[in-house]
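Model the placement of chains P and G on the given structure of chain A, informed by the hints.
Chains as they are written, first to last, in our numbering: chain A, 51 to 433; chain P, 166 to 400; chain G, 284 to 1135.
Any given hint could be a false lead.
Result set (DSS-like, lysine-lysine): computed pairs, CA atoms no more than 30 Å apart in a straight line [said to hold, decoys possible]:
no. : chain 1 : residue 1 : chain 2 : residue 2
1   : G       : Lys646    : G       : Lys1085
2   : A       : Lys379    : A       : Lys242
3   : A       : Lys214    : A       : Lys242
4   : G       : Lys442    : A       : Lys153
5   : G       : Lys737    : G       : Lys1051
6   : A       : Lys274    : A       : Lys214
7   : A       : Lys99     : G       : Lys442
8   : A       : Lys329    : A       : Lys99
9   : G       : Lys294    : P       : Lys288
10  : G       : Lys442    : G       : Lys464
11  : A       : Lys153    : A       : Lys106
12  : G       : Lys1085   : G       : Lys883
13  : A       : Lys214    : G       : Lys514
14  : A       : Lys214    : A       : Lys184
15  : G       : Lys464    : A       : Lys153
16  : A       : Lys329    : A       : Lys379
17  : G       : Lys883    : G       : Lys960
18  : P       : Lys379    : P       : Lys390
19  : A       : Lys419    : A       : Lys379
20  : A       : Lys214    : G       : Lys512
21  : G       : Lys872    : G       : Lys1085
22  : A       : Lys184    : G       : Lys512
23  : A       : Lys274    : G       : Lys512
24  : A       : Lys242    : A       : Lys419
Simulated restraints on C-beta separations [claimed, not checked]:
no. : chain 1 : residue 1 : chain 2 : residue 2 : range
25  : G       : Phe714    : P       : Ala247    : 51 to 57 Å
26  : G       : Glu511    : A       : Thr102    : 45 to 51 Å
27  : G       : Ser689    : P       : Gln234    : 23 to 29 Å
28  : P       : Arg215    : G       : Gly1110   : 52 to 58 Å
29  : G       : Asn944    : A       : Glu105    : 58 to 64 Å
30  : G       : Arg368    : A       : Arg139    : 33 to 39 Å
31  : G       : Ile657    : P       : Asp345    : 46 to 52 Å
32  : G       : Pro518    : A       : Asp272    : 38 to 44 Å
33  : A       : Pro367    : G       : Pro518    : 44 to 50 Å
34  : G       : Glu511    : A       : Gln345    : 48 to 54 Å
35  : G       : Arg368    : A       : Lys274    : 26 to 32 Å
36  : A       : Asn98     : G       : Gly916    : 51 to 57 Å
37  : P       : Arg215    : G       : Ser689    : 35 to 41 Å
38  : G       : Leu301    : P       : Pro176    : 38 to 44 Å
Honestly, the hints are just simulated from the structure, not real lab data. Quick reminder that beta carbons are idealized off the backbone N, C-alpha and C, glycines included.
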Amino acid sequence: MIVLMNRQQSGLLFILAMLLMMSACSQSADITPEGNAGISSFLESDDNKGYTRAEKIREFRFPEDHGAHPDYRTEWWYFTGNLATEEGRHFGYQLVLFRFALKPGRTTRTSNWATNQVYMAHLALTDVAAQEFKFYERFARNAVGLAGARAEPFHVWLDNWQVKSVNDDSGTWVLQASEENLEIALTLSPSKPIVLQGDRGLSRKGPSAGNASYYYSITRIDTKGTITLGEQRHQVTGLSWLDREWSTSALNEDQEGWDWFSLQLTNGYDLMYYQLRRKDGSIEPFSSGTLIGPQGGTTTLRAEDIILETRDVWESPQGGRYPVAWRMKILPAGLDLEITPYLHAQELDTTVRYWEGAVSIQGRQGDEKIAGNGYLEMTGYAQ
Amino acid sequence: MAQSPATNHSPLLSLRGLTHSYREGERVRQVLDHIDLDIGEGEFIAILGRSGSGKSTLFNLISGIDQPQSGEIQMLETRLSALNEHDRTMYRRRNIGFIYQFFNLLPTLTVRENLLLPLELNKLPPDRADELLAAVELTDRADSFPDCLSGGEQQRIAIARALVHDPGLVLADEPTGNLDMQTGQHILEMLDRLVRQSGKTLVLATHSRAVAEKADRVLALADGKFTTNVEAFAW
Amino acid sequence: MDRALALRRQKILRLASLRYLLQHPWQLALTIIGIALGIAIIVAVDLANESATRAFQVSMENISGRATHQIVGGPSGLDESIYTRLRTELGVRNSAPVLEAYGASGNETLHLIGIDPLADARQGSRFGTTEDGVIQELITTPNTALLAAPTASRMNLTKGDDFEVSLGGRSYRLHIVGLIKPQNQSAAAIEGLLITDISTAQEITNYLGRLSWVDLVLDANADAALVEKIKASLPADAELVPAASRSNAMAQMSKAFRTNLMAMGLMALIVGMFLVYNTMTFMVIQRRHLLGTLRVLGVTRRELFQVILSEALLVGVVATLLGLAIGVLLGQGLVHLVTRTINDLYFVVTVTDLQLSATPMIKAALLGLGGTLIAAFIPTLEAALTSPQAALRRSTLEAHTHVFISRLTVAGLVLFTAGLLLLLIPSTAIFLGFTSLFLLILGMSFMAPLLVMKCVHLCNRWGSTRFDITTRLAIRGISDALSRTGTAIAALMLAVATTIGVSIMIDSFRSSVVDWLETTMRADIYLSAPDLGSGRSYAALDTGLIRNIQSLPGIAGVSEGRQVTIESGALLTEVFALRFSAGIQPGFKLKGGDPPSIWKAYLNGDAVLVSEPLAYHRGLQPGDTIELRTDRGPQAFGIAGVYYDYGSEQGKVLMERDLYNQYFQDRETGGLGLYLKPGVEVDSIIEQVKALAAQAGQNIRLRSNRDIRAYTLQIFDRTFAITHVLRLLAILVAFIGILTALMALQLERAKEIAVLRATGVTPFEVAKIITLQTGVMGLLAGLFAIPTGLVLSQVLIHVINKRSFGWSMESLINVNELFAAIVLAVGAALLAAIYPSWKMTRTAPALALREE
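Isolated chain A (complex conformation) (with noise of 0.2 Å):
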C-alpha cells in the first residue's frame, strides 16, 4: 500500500514539477532554487478540496476502471517491459501516461480548448547491446482530441504515443510511440489475471483515512512486436507489466523517496515490492508488496518479510548517488535474489529526476536456481 502512495508522491511530485517547469518554461529547463521553494509553498497548501478522495473499499469494474477518473487529481497508466530478440539482443521500455488535474470539476466554457486536465507522459528504452538509454517527456491537454483516456474501446494516448484495444474481441491491446528515431509498436496479451493491490485494490499510505488511492495491476502481459532504431528495426518478445494508479491525497512530510521493484521471474512468479525511506534514514514499516503466483495467486508482503541490501552504486553525472544493484530475500517464500541493471545510466532526466530501468535476476529459491527480468525504480536520490 505504501508502494501506491509513494508512487502517488511521484506523481504529485510531477504535477507541482509541472505546473512549475511551465511557468518557468521560459527560463530553462532547470528547476531553479526559486522554483523549489513555489513547489514547497504549494505543498503546504490545502487544495484537495473539491476532489474525490480514496476512502472507502469500492468495487472495481471493467472495463471501466480502465479509463480516466476525473474526479481524482492524479492517475496513471504505467506499461514496463523486458523483451528480447531471437538473437537474444535485450530491451527494456517504459511508456507511462499520467493524467493530472489542474482544478476540480468539469468546465462549462465554449471553447473545445477549456479543460481542466492535463495529461504527461514518458517514453524510455533501454538498448543494452547499445549501451544506451533514451527517454522522452510530452505534455498535452484532455481537450480537442489531443490527449485522454477511455475505457471502451480501451484508448490511452497523448499525441500519437498511445494504448488501445484491438477490435477483435481478443482483449490484447496494442501499443504504440514514437519519437525521434525510435519507434515501438507492441502487441500486449495478458496472461495473468487483474491483481487488487492493497486491501481489495485500496491502498492506504498512512495511519490517516483518505491518504490513499487505488491500485490495480497486471503483471505478466505476454509481448510481441516491433522495436525500430532508425533504419534498424527489431523484431521482439517478452513480458510487460501494468500498473493502474488514481488517488488525490498528497502524502506525507518526512518521506524523502522510494525503491520500487516489479520482478518477474522464470518459475511463473511475479513480485511487486516497494520501500519507502524516510528522511531520518529509516525504512517506512508501511512498506509492502505482493507476490503473485503463476496462476494470479497473491501473497501480501511486509517490510519484515523483506531483507534488502545495496550491492552497487551509480553516480548520476545530474548529480545523486542511485543504489542500481541489490539482493532481496523474501523470506515467506525462500527467495534469494541478485537484482543487477541491464545499464547502470537508467536515470530519466525530465521535469523530475528519476531512475527507472530495467534489471535482471540471478538467484535461488532453496537448490532451485531462478532468474528474471524485471523494472526498477528510485526516486528521492537526485541532488
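The following block gives chains P and G in isolation, referenced to the frame of chain A:
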C-alpha cells in the same frame, strides 16, 4: 651665344642651348633662346633684365620647377633633363635656396619654423636654424609669424631660409625689388656677405644696374639671349 | 623605407598645413559641421529605417517564435482539428497552435496571442519570463491573461488586476495572472504583448473551433518526408509555408515605403557629399599659394599628398564621429515618424524605440571618411600636379577651373543622357528607376557651373553699361571664383530641386487621392467593426445589427464589404468582397476598357476586378487570370478590368460577394457603406446607428463621407511628414555649403576688398557687393533648380512611384511652389551672406593690405 668668361672657379652649373617659349594666344613668345652659360662654384652672378625678359623663367628652369623645351642644364654631375618630377624636386630641395621679391615665407609657420622646414626636408639637424637667425640678426623674432615682420625683416628671413640647408646654389629673384633703397642696400650687403662667407654660388636677377654691380659677373638678358654689353643695355 | 617614420619626421611640414586650418577656426568648424550633417542624415534615416524593420521583425518573432514553418488557412483561419490530426496521427511534436488578434485598451494597442502553454514548439520568445504558477490559471480560468510588463506599468496595471480590452468591436474584461518580462530581448520587443490560453483567445475573439495558424519547427532537410506527409494531410483551405517566406511576404508590404525613405536619405547623402566636396576643395584651394611655396622649397608631390590627405582624414574622423552622434539624436525623432507611418499603412508595430545597430553606423562612417578623402583627393591632386610657379598665381587656378568646368559639363551631359536611356528600358525595377534618377540629378548638377558662368557672362555683357561698378564687381566675382562658388551653387540647386521635385510629386499624389476619394467614396456614411490592422484578424459586424441598420427608414441602400488577406505561398493578396443593394452604383473608376461590360462581368460573378497596383506588380491585364488559394483549393479567377485605387500599395482583388461566398466559408461583413435617401440628415442616421450598435453590444467605427476623406488625407499627410523633415535637412546642408563657400570666398577676397575700401568704397557698399553676389548665386541656384526639380518630379511620379507602388497619378505643377523655391534659394543664400558681410565690413583695410 656662348659666354666663356675667364674665371678660376670650376663650373658648378652649366647651361647649354637652353630654350623656352610661352604661348600667348596666337603669339609665341621666345623667352629664352639657346642660352649657354657656365657658373663656377662660389661665383656671384647678376642677371640684368627688364620685367618679362625671362629671368624668372631661367630660375624656374635652373631649379627644376619647369623644364626647358630644349637644351641641357647640368649641376655638377646631375643632368636635370634626365630627372623625373620627383627627382627634380629632391634636387631642388637639396641644392637650391630661393629668395623672392615677395619673400614667400609660409604664413602659417613662425620665423624659426620657416627655417626649420628646409632642414627637416633634408633631414638635417635643427641647430642651423638659430645660427642663421643670428646671422640675419633676427634671433629675437624667432617665434613671430611672418606677417608681423617688416618687409626687410621678412626678406632677411627669406635669405636665412635660402641658406639654412646649405644649398650649392642660391637663386635670388629681385630680392630688393619690394624694398626701399636703404633697406634694399642693407639686404643686398647681407646677402653678399653671407653667400660669400659660406662659399656658395649666387645667381641674382635684377633690373637694377646698381644692384648688379656687386656681382662678380653681370649678364644682361634681352630678347632671350645674354649679352655682356651691359653698358649698351638700353633701359 | 619607413614611410610612417618619414611622415612623423615631417612635423614642420604638417604644421605648415594644419596651422592654416587652426588659424581659420570658423571655416574648420563649418567644414566639420557640413560633413557631420551629411553623415547625420544618413545615419538617422538608416537607423530609423532599420528600427522600423527591427520592430517588424520583433512583432514577427512574437508571432512565430522559433517556428520554421506554419500551416495557414483561408480568411477564416484553420479548423482546430487540423492541429489534433497533426499531433495524434502524424506525431508532429514540434507544433503549436496560435490564435492571433489585435485589441485595444485605452490608448494601447495590444497584440493578443492565444497559445497552448503545453505545446512546446517555441515558448522562449513568446513568453519572456512570467512568474510562478500562472500557466495553470491560464488554462483553467477563463479570461485570464499575461500582459507585457512595460505595457502593464504604463497602463498602471499589475498582477491580479482586471482591465477592459476591446476586440473585434466587443469589450472583454481580462484578469492579469502574470506579467511578461523581457528576457534576452529589449523591453520594446514584448511591448503590447497580451498572451492568453488558446481557449480564452477563442472565446474572446469569437473564433471558436478555429486557429489563426499552426507553428512548426521542422528541419526541412531532415524532415523532407514529414513535410510531404504534412502537406498531403492538409485540407484544401490549409497550406504549409516556411515561416521566413511568410515574414518576407509581410515585410514586402512595407518595402516600397522603406525603399522610398532610403532614397530620400540618399538624396540627402548626395547633397551632403557635394558639401563635403565643396568644403574639402576650399580647404585645399585656399592654400594653393602655401602649397606652391612648399613645392618650390622642394616638398614632393607625394609628401604634399600625404600631408593633406592625412589632414582630410583627421577632419573626416572628427566630422564622422560628430555626424554619428547627431545622427543618433536625429534618428530618435525620425523613428517615431517612420513607425507611425507603418502603423497607419501596413501593420501594427508596437516598437517605437530607436534600435542602435552597427550596420548603419559603419556604413555612414565609411561614407563619411571615404567621401571626405575622395573629395579632398581631387583638389589635392590638382594642386600637386600644378607646377609650383603656376600654383602661386590664382589666375591659373581659375583657368584650370574653366577647363574643369567644361569637362564637368561634358560628364554631366553623359550622366544625364545615361539617366534618360535607363528610363527607356522597359522594366519595373525600382533600383533602375533610382539609378536613373540619380544620374539625371547628378548630370544636371554637373552642368550647373557652366550655366552659372554663361549667365554671369551674359549678365556682364548686358549690364556693362547699365550696372554701376560695384554691381558689376559683384557679378563678375561669381564667375571669377567659380572654383569656390560652383559647388556651392550646385549643392543649393540640388537641395532646392529636391524640394521642388518632391513637392510636385506629393501635390500630384494628393490631388489624385482626393480625386479618387471623390469618385470612390459615394456612400454618405461608412461604418466598420474596429480592426487594428494586421492582415489576419478580421473584425466583423454583428449580422443582426446589419439587418437592423438596413431597415432604418432613411437608408436608400447599403454596400457590404469584407476585406481579407489571402496567403498563398509567399504571396499575400488582399481580397475585397463587396455587395451592393439594388440601385446603388459602384463608384470605382476603371482604367481603360468598356465600363458597362466590365461591370456586367463583375456583377455576374464571372470575373473579378484588380486594383491598379496589383495589376502593375503582378503584370496583370484584363483577360488574364489571378490564382487565389480558396477554401476549396487554388482557384484561378478571370480579370474583367483594372480600377484605380490608392488605398493599398500592394493592391486588391475586388470580388462580388456571391462569388466570394462560393469559394470561401467566411460569411462575415467587416464594413458597411450607407446610402441615404435624399433629404435625410446624416447626423440623425449616425445617432440611430450608434443606438443600434450599443444595443447589439458592438463597438463600431462610424465615419461620415466627409470625415473619411479628411481622415484619409490626414494619414496621407502624416505619411509624408518624414519627407518634409528630410527636405528641410537637405536645405540645411546646402545652406551650410553656401555659408562655407562665402566664408572662403570672402576670406580670400580680403585683400581685394581692402583695396576697394582703400580706394574709397564704404563698408555699406562692400556689404552690398557681398550681398548682391550671394543673392545672385542664390537666384541662379533657384533658377536652375526649377528644371532639375521638374525632371525630378516627373521621374518620381512616373517612374519611382509607379514602380514602387504601381499608382499612376496626374502631375500637378503649382507655380507658387516654383516661385517659393526661388525665394528659398535666394533666402538661404542671403542668410548665409550675413556673417561674411559683417565680418568683411569690419576688417580694417590696412590690416588686409599689409598681408603681402
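Against the structure, the hints come out as follows:
1. G:Lys646 - G:Lys1085: 29 Å, holds
2. A:Lys379 - A:Lys242: 24 Å, holds
3. A:Lys214 - A:Lys242: Answer holds: Lys214 of chain A to Lys242 of chain A is near 19 Å, not above 30 Å.
4. G:Lys442 - A:Lys153: Distance of about 21 Å is within 30 Å: holds.
5. G:Lys737 - G:Lys1051: 23 Å, holds
6. A:Lys274 - A:Lys214: With a Cα-Cα distance of about 15 Å, the restraint between Lys274 of chain A and Lys214 of chain A holds, given a limit of 30 Å.
7. A:Lys99 - G:Lys442: With a Cα-Cα distance of about 25 Å, the restraint between Lys99 of chain A and Lys442 of chain G holds, given a limit of 30 Å.
8. A:Lys329 - A:Lys99: 28 Å, holds
9. G:Lys294 - P:Lys288: 11 Å, holds
10. G:Lys442 - G:Lys464: 12 Å, holds
11. A:Lys153 - A:Lys106: Holds, at about 23 Å.
12. G:Lys1085 - G:Lys883: Judged against 30 Å, a Cα distance of about 29 Å means the pair holds.
13. A:Lys214 - G:Lys514: Roughly 27 Å separates the two Cα atoms, so the pair holds.
14. A:Lys214 - A:Lys184: 23 Å, holds
15. G:Lys464 - A:Lys153: 27 Å, holds
16. A:Lys329 - A:Lys379: Given that 30 Å is the threshold and the Cα spacing comes to 24 Å, the pair holds.
17. G:Lys883 - G:Lys960: 25 Å, holds
18. P:Lys379 - P:Lys390: 22 Å, holds
19. A:Lys419 - A:Lys379: Holds, at roughly 14 Å.
20. A:Lys214 - G:Lys512: Holds: Lys214 of chain A and Lys512 of chain G sit about 24 Å apart, inside 30 Å.
21. G:Lys872 - G:Lys1085: Roughly 18 Å separates the two Cα atoms, so the pair holds.
22. A:Lys184 - G:Lys512: This hinted pair holds, its Cα atoms lying about 26 Å apart.
23. A:Lys274 - G:Lys512: 28 Å, holds
24. A:Lys242 - A:Lys419: 23 Å, holds
25. G:Phe714 - P:Ala247: 51 to 57 Å: Check passed, 54 Å falls within 51 to 57 Å.
26. G:Glu511 - A:Thr102: 45 to 51 Å: 47 Å, holds
27. G:Ser689 - P:Gln234: 23 to 29 Å: At 27 Å between Cβs, range holds.
28. P:Arg215 - G:Gly1110: 52 to 58 Å: Hint holds: Cβ distance 53 Å, inside 52 to 58 Å.
29. G:Asn944 - A:Glu105: 58 to 64 Å: 59 Å, holds
30. G:Arg368 - A:Arg139: 33 to 39 Å: Holds, since Arg368 of chain G and Arg139 of chain A (Cβ atoms, about 35 Å apart) stay within the stated range.
31. G:Ile657 - P:Asp345: 46 to 52 Å: 49 Å, holds
32. G:Pro518 - A:Asp272: 38 to 44 Å: Taking Cβ atoms as reference, Pro518 of chain G and Asp272 of chain A lie about 41 Å apart, which means the hint holds.
33. A:Pro367 - G:Pro518: 44 to 50 Å: 47 Å, holds
34. G:Glu511 - A:Gln345: 48 to 54 Å: Roughly 52 Å apart at Cβ, these two residues keep to the hinted range, so it holds.
35. G:Arg368 - A:Lys274: 26 to 32 Å: The hinted range 26 to 32 Å holds for Arg368 of chain G and Lys274 of chain A, with Cβ atoms some 29 Å apart.
36. A:Asn98 - G:Gly916: 51 to 57 Å: 53 Å, holds
37. P:Arg215 - G:Ser689: 35 to 41 Å: Since Arg215 of chain P and Ser689 of chain G have Cβ atoms about 36 Å apart, the given range 35 to 41 Å holds.
38. G:Leu301 - P:Pro176: 38 to 44 Å: 42 Å, holds
Going through the hint list in order, the structure satisfies each hint without exception.
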